[in-house]
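Residue numbers (numbering that gives the first Met the number 0), protein chains in the order written: chain C, 0 to 312; chain S, 0 to 315; chain V, 0 to 281.
These are calculated hints, taken from the structure and not from any lab test.
Note that this is a predicted model, so its numbers are computed, not measured.
A hint or two may mislead.
As the list claims (entries may be wrong) - Looking from chain C toward chain S, a few residues come up when the C-beta cut is under 7 Å (computed): (1) Phe2; (2) Ser57; (3) Lys113; (4) Asp115; (5) Thr116; (6) Asp208; (7) Arg214; (8) Ala215; (9) Arg216; (10) Gly217; (11) Ile218; (12) Pro219; (13) Asn231; (14) Pro306; (15) Arg307.
Quick reminder that beta carbons are idealized off the backbone N, C-alpha and C, glycines included.
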Amino acid sequence: MFFPLLLGITLITFIVMRLAPGSPVDEIGMSPGVDTRARMRLYAAYGLDRPLHEQYLSWLRRVVTLDFGNSFRDGRRVSSKIFERFPATVFLNLAALALIFSLAIPIGIISAVKHDTLLDRALTALVFLGYSVPAFALALVLMYIFGVRLGWVPVSGMTSVEFEFLSPLGRVADVIRHMILPVLTLGITGLAFISRYMRSTMLEVIRADYIRSARARGIPGRRIILGHGLRNALIPVVTMVGLLIPSLIGGSVVFETIFSWPGMGRLAYSSIMSRDYPVIMGIGVIMALLTLIGNLLADIGYAAVDPRIRYRK
Amino acid sequence: MTAPLLEISNLEAVYYTPSGPVKALRGVDLYVKRGESVGVAGESGCGKSTLALSVLDLFDRAEGAVSGGRISFSGMDLSGLDEKQMQGIRGKRISLIMQDPYGSFNPVIRIGRQMEEICRVHGMRADETSETCLRMLEEVNLDRGVREMFPHQLSGGMLQRASIAAALLNSPELLIADEPTSNLDVTIQKKIIDNLGVLRKKHSLSLVFITHNLNLLSSLADRIYILYAGQVLEYGPAEDIFSRPAHPYTKGLLGALPDIKTPGSRIRPIPGSVPSPADTTPGCVFFPRCSRGSERCGREKELIRVSEEHYSRCSG
Amino acid sequence: MIGKLFNNRMAFFGLTVLFFLFILSALSPVLAPSPPGEQNLARRLSPPCRRHLMGTDELGRDVFSRILYGGRISLSVGFVAVGISLLIGVPLGLAAGFYGGAVDSAVMRVVDVMLCFPTIFLILMVITFLEPSIFNVMIVIGATSWPSLARYVRGEALAVREREYILAARMMGVRPWRILAVHMLPNVIAPVIITATLGVGSAVLTESVLSFLGLGVQPPDPSWGSILAVGREYMGQHAWWLILYPAAAILVTVLSFNLLGEGLRDLLDPRLSGKKDDRSPA
């Protein structure tokens, strides 16, 4: 499943990019004073004169070694352009994932255990609001209130200007202050989504026969919820990570741009704006690859928590 | 006469439905003496399982509740206990075996760990739990390897044995078995019932055996209650119920049993079905299906004495 | 059915707000104090006042008028995009579920591959070589949002396919397209209506993100997203009205579609309410 999908991903990326009518070669090539021969030389230099399937195969051969060619824009290697931005994006996404799961699981549990109480209704309404809120607009609202108006948190970048001069502890604090808004706004939709999902799976579990059996045996309530219920409720939630990851990574394009976060998402946006195809294609493949890896990890996690998958009779 | 181990009086229970609460039990009186085996029989929907849930207060908050009456166990009023005290009773002094063996264990935890947990939460010393679990598995004729298994690796019959073992871990005084064999095939059914009979004697257990199959009770029960539409229609010693049933419904139930002594005899099912608990027509609850009803059945009927220890709401 | 819709508080509330949004959009030429493109450089970045209920933007245009007209555009983009997504996703999902085999695996492989890409990135990738315009935004959102719908419809179709009455119809030689249209389509219609309702809300959201990034509705056409982009630029000058009002407009619209969608889910498909759903989180 992994490799056919990977092949499909590269194919789609390639097709989409080759369908593009304009390329930087055209932009240079069409400018006055450049003759046809010079234009052909440029095409040949980028390999754009060969048949499509050849172009794809030669591109694919290089992609396998993570060689996406050179940027149209500054001629630097695409892989090094991407990988210098990669850690910041992974860091941001992992922080968002951590936020999502550390809040969504307790919210879901509380809401399910106290179902149909005032607390549950309040939480459910809040989650519904979080589910519907346009996160990028919320980012601007929070940026204005807490960054511009109150000046509590920085609104752009990952570090302050004086970062170099801070103590190690000060540096950590500085990065954390920069992370607050991006992580919160990147995570909010997923947080609402997982909370809601957690509530419904937990509710299903609570009503399961084996929970009533556990109660009938005198197992205390808290122990039933945390020891028996949580594990079962988490099983379907783990698989949701597969859906969550592409949306988080896609979100990084938007939120890294808004908060000038020095990551892959912001690079994707600026490459899209300047039609830097090799970079866009490279990022597309990397993002899809991250999704595949996320799915793979979710499958492994699924097997780890569910013995029915592990021990097939 | 000493006070019975379990005494239920005038018990009422409701389920909440979208169209309002519905009474599933309408004033049930029942008692179990120490060491006695009591059968509760009735068709599905008559309130049998509700009775089991009520004794241990296992309703989900939004699902239903005991709405009246009194349950006293060993001289103690169970409705006066808080949740924590109830936890001390459940699985320790009163155990319950449920109908669906597949729902009796958590699917993602090994059987052994679930059994040991039951011992631990009721205060058994850590060095005794493993020993106790092994001994109980042996008593229900299961291999000790079952400890290391997950529920999906066992058959329904094995699971039900395991849940009997789990129920008896803390040497309870009372065991309530709610249709423990109705999801199993007949040969396994017989083995499990025999096993229960042996265990009952060995551990001097009191037993409440709930079933829709009156036949099963012939070898197991000392006394039998006939439950219908949330009411006890008749109760008495097992041999009286089988040989001299007083209530037309009991007679109907017996008529619906295959008779192995007379070859070629036909089963006579009771026409109609159990009224919905939402139905609150006054009078005898069995009247709409009764073959010999008369107009006096339109009035509420009390339990009347048939003979020593044998009561019925109708004399037929 | 309609009565039930009014009894469901969520659906009723969502529907009422949407009704007002439609009225406001339809009547925007009447209601708007000025044409959306009318500039008044003397009154640049004016905070909300009696003359400009929601203030003015960097060119002195009335924000209230631009939000009204922007709503028109957003709602049309939402509906058309979902229409396109339905036109692609429903037939493909039905065909995959009905024919199974090679058709099924071909469709589902494409779906799987497309779901690996973050939707927003896929959209951005495609929009780079289509000139950004309202029309292209509709097409691109529609063309990238069908995979989850197709997967959903396929699942429903698969479940329906095995029912006895469909098997019976097939054995009696009823033509496949007739089985599809007469027997299977009605069975998937309820979940499709729910998904489509929720989809409009999410298409409106996507449009505003694209416009915010400068890749959606192009100036001088008004759009909630592009007002927000200006708001971001002038945040330092405390032009909060350029952020708050369009943000609120998007929130109210998306919220209403979600309320209506969830309400419809309760009504049309009780077995689904509060249960697993197959939509991606964004």
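Status of the hints after comparison with the structure:
1. Phe2: For Phe2 of chain C, the interface hint is violated, since the closest Cβ of chain S sits about 31 Å away, which is over 7 Å.
2. Ser57: 49 Å, violated
3. Lys113: Violated - the Cβ of Lys113 of chain C stays beyond 7 Å from chain S, reaching only about 9 Å at its closest.
4. Asp115: 6 Å, holds
5. Thr116: 9 Å, violated
6. Asp208: 2 Å, holds
7. Arg214: Holds, because the Cβ-Cβ distance from Arg214 of chain C to chain S comes to roughly 6 Å (cut-off 7 Å).
8. Ala215: Holds - the Cβ of Ala215 of chain C comes within 7 Å of chain S, reaching about 4 Å at its closest.
9. Arg216: 3 Å, holds
10. Gly217: 4 Å, holds
11. Ile218: 6 Å, holds
12. Pro219: Holds, about 6 Å.
13. Asn231: 6 Å, holds
14. Pro306: 4 Å, holds
15. Arg307: 5 Å, holds
Figure legend: structure checked against the earlier numbered hints; hints not met, in rising order: 1, 2, 3 and 5.
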